[in-house]
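Colleague: Each chain, letter by letter, is given below.
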Amino acid sequence: MNDNNLPELTPLDPAFITTSRIATALGLLPFVIGAGVLEFAQLLPPGSFLVPVFLVYAFVAYTVPARKYRHWGYDMGTDRLRVVRGYMFYSDTIVPFGRIQHIDVDQGPIDRRYGLAKLTVHTAGNHNSTVALPGLAHADALAMREAIRAAIRQELL
Amino acid sequence: MNQAIDDPVDVTGQEGERLHISGLFVGFVSGLPQLLFPLLAAVFGARKADNPALIPIMIAAVLAISLFFRWLGWRRFRYHVGADDIRVEKGILNRTARSIPYDRIQDVSIEQKLLARLMGLSEVKFETGGGDGDDATLRFVTLEEANRLRALIRARKADEVVAQDVPQIAEPEDAETIFAMDDKRVLILGLYSFSLIIFAVLGGLAQQFDFLLPFEFWDFKRWAGLAEESGVNVNSINHVGMAAQLILAFGAFSSLIFIGFVTGVARTFLREYGFRLTQTAKGFRRRRGLFTLTDVVMPTHRVQAAVVQTGPIRKRRGWHSLKFVSLAQDSKQESNYVAAPLATLDELWRISKAAGIAAPDGDERLRKGAALHWIIHLCLLMPPSLIAMTALVIFADASLAPTLLLALLLVIAAFLFWCDWRSYRFGLDDQQLYLRRGWWQQRLTLAPQLKVQSVEIAQGPLARRYGLASLKFGIAGGTLEIVALPLSTAQAIRAAVMEKVAAVNYSAINQSR
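As given, the protein sequences belong to chains A and B, one line each in that order. First residue of the first sequence: -16, per our numbering; consecutive thereafter. First residue of the second sequence: 447, per our numbering; consecutive thereafter.
I should point out that these hints are in silico values taken from the structure, not numbers from a laboratory. Bear in mind that the values here come from a model prediction, so they are computed numbers and not experimental data. Careful, some of the hints might be misleading.
What the hints assert, rightly or not - Below, a list of computed lysine-lysine pairs in the DSSO-like style, where the Cα atoms sit at most 27 Å apart:
no., chain 1, residue 1, chain 2, residue 2
1, B, 536, A, 101
2, B, 761, B, 814
3, A, 101, B, 571
4, B, 799, B, 761
5, B, 769, B, 728
6, B, 814, B, 946
The shape of chain A in the complex, shown without the other chains (with noise of 0.2 Å):
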């Protein structure tokens, strides 16, 4: 799958597999909610609502989020930036830093907890206007936003 002359692909941090893990589990919340009510209406023998939902919960927010840090990673290239991400639909993107309008670093409660951030870059493009990266350590992400910006800077000189 890899191009042979490009270089290896950084993985991401493995925290990334919890965070997201976390995300997932309070974000598919109200769907097993929504079982267990249904389960109390009695409108089925016991166990017809619960327990698919449960198990398809189980494998969304507990395998899903390991397989896709597997497909993720990045490659913080001397003048771009590179990610991968993506079984099924797979993309791999390169950023010129020297494209990159302006970088954010984002970080939300359950990434502050474990010291996570996302880099996204910003270019001009209506198509990929915005390229993110999740699951960086904090302190990577913003060494990455440090050089890209010294890298922008340097350029211009």
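The hints should help you fit chain B onto chain A, whose structure is shown.
Modeller: Then chain B, alone, in the frame of chain A:
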């Protein structure tokens, strides 16, 4: 208050400046209309409690909560003017730290609305060329601070311009007409712009205002009756024989065509009359219009790509149209700048050359896409149509023969896919990317590789199985997607393009030339 809020976590490890505290009040007052709904909800909630004293308390509570969150937001907002960039940190729970390098700031705008003005405050917006249009706003700072920021950024930008202006070649100052359309050309364009839109407009009007009409517009018996009243016997029309009916049908048909052409010509004359494109020192200047004359200037360096289009009939006469895809920062609505609505290829390449985009040197350079891509898409259509056919036979008791007509749809789809594959071409040379697509309306996109913002290799599940990929180029104001590439080709193209792109800074391209 609690500890986490009193002690803000500094994302960058740098101290910043806060916005002006009075801005809190301005934001609160101008945000009052948004509070209308929660206020109403609070009032209605309180009314149920049968205690009139509760209503003012509830209103006060809603206002206090809103003010409290604004205050929190204010506390957690910092901006920092650094050596190379402006940083903005914000967010109560979700912390965002944005860094905007000075070189990327296109403009700084200062806005003072009435209330802010009374308080001596202003809103500062930093505009970059970001594709999502979401930049940084400081709401609010004092007017002196706003002016200081603007002066500071202008000063920093001035440094660069000096540095960059050296290689710039002086262009001739005089305006040179590079393309113009005379009345005859406009007429030809009008003939190609055959349009039956007038019927849609009339029909729409009739539907909108049918209560004004004294009769039912769509009632054909009524129309027949009207005709009989005025002496035409409708039955007699039915008896005049085949030939006469054909003549009548032909007459109706040709009048329809006539109206279509007249509409097209009229609309075109209104819009394109006196079309004139000149090249000035500032860029392209286009003047056109019969009653409403428009005059639009587009700086040459803003051109990001060119699109050459032609239709099935006009292609035979060698007519094409040329559009420029642009950054379009001034007018968000017109990101495509029509540089020539109807021109021969020679005229058209001359214009595009003025914008720094060269004609492709022959068709040999353009390659076909992998046919597998279209076959996969066709196969994706297969299961749903087969399921639909089976469902029709089983559930709707339709006989087999008419159901098989559905299979004809698949044949038509296959034919269309074949046409698309046949007309599809992509290619690249040292400077530009080419993409030609469409068998009915042909569209050739030419994009200088230097203006590419990002490159993405994308694969869906099926494409991945067969080793195909598509290349998506981010271009300011437009898109360019090359499909049906073997993965290795996609990677090679990307590597070649990135080599050129990464070496040149975007600010440099956008300011010079």
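Colleague: Now look at each hint and say whether the structure bears it out.
Modeller: Hints, verified against the model:
no., hint, in the structure
1, B:536 with A:101, "14 Å, holds"
2, B:761 with B:814, "21 Å, holds"
3, A:101 with B:571, "24 Å, holds"
4, B:799 with B:761, "21 Å, holds"
5, B:769 with B:728, "18 Å, holds"
6, B:814 with B:946, "24 Å, holds"
Hint check: no violations occur; every hint is consistent with the structure.
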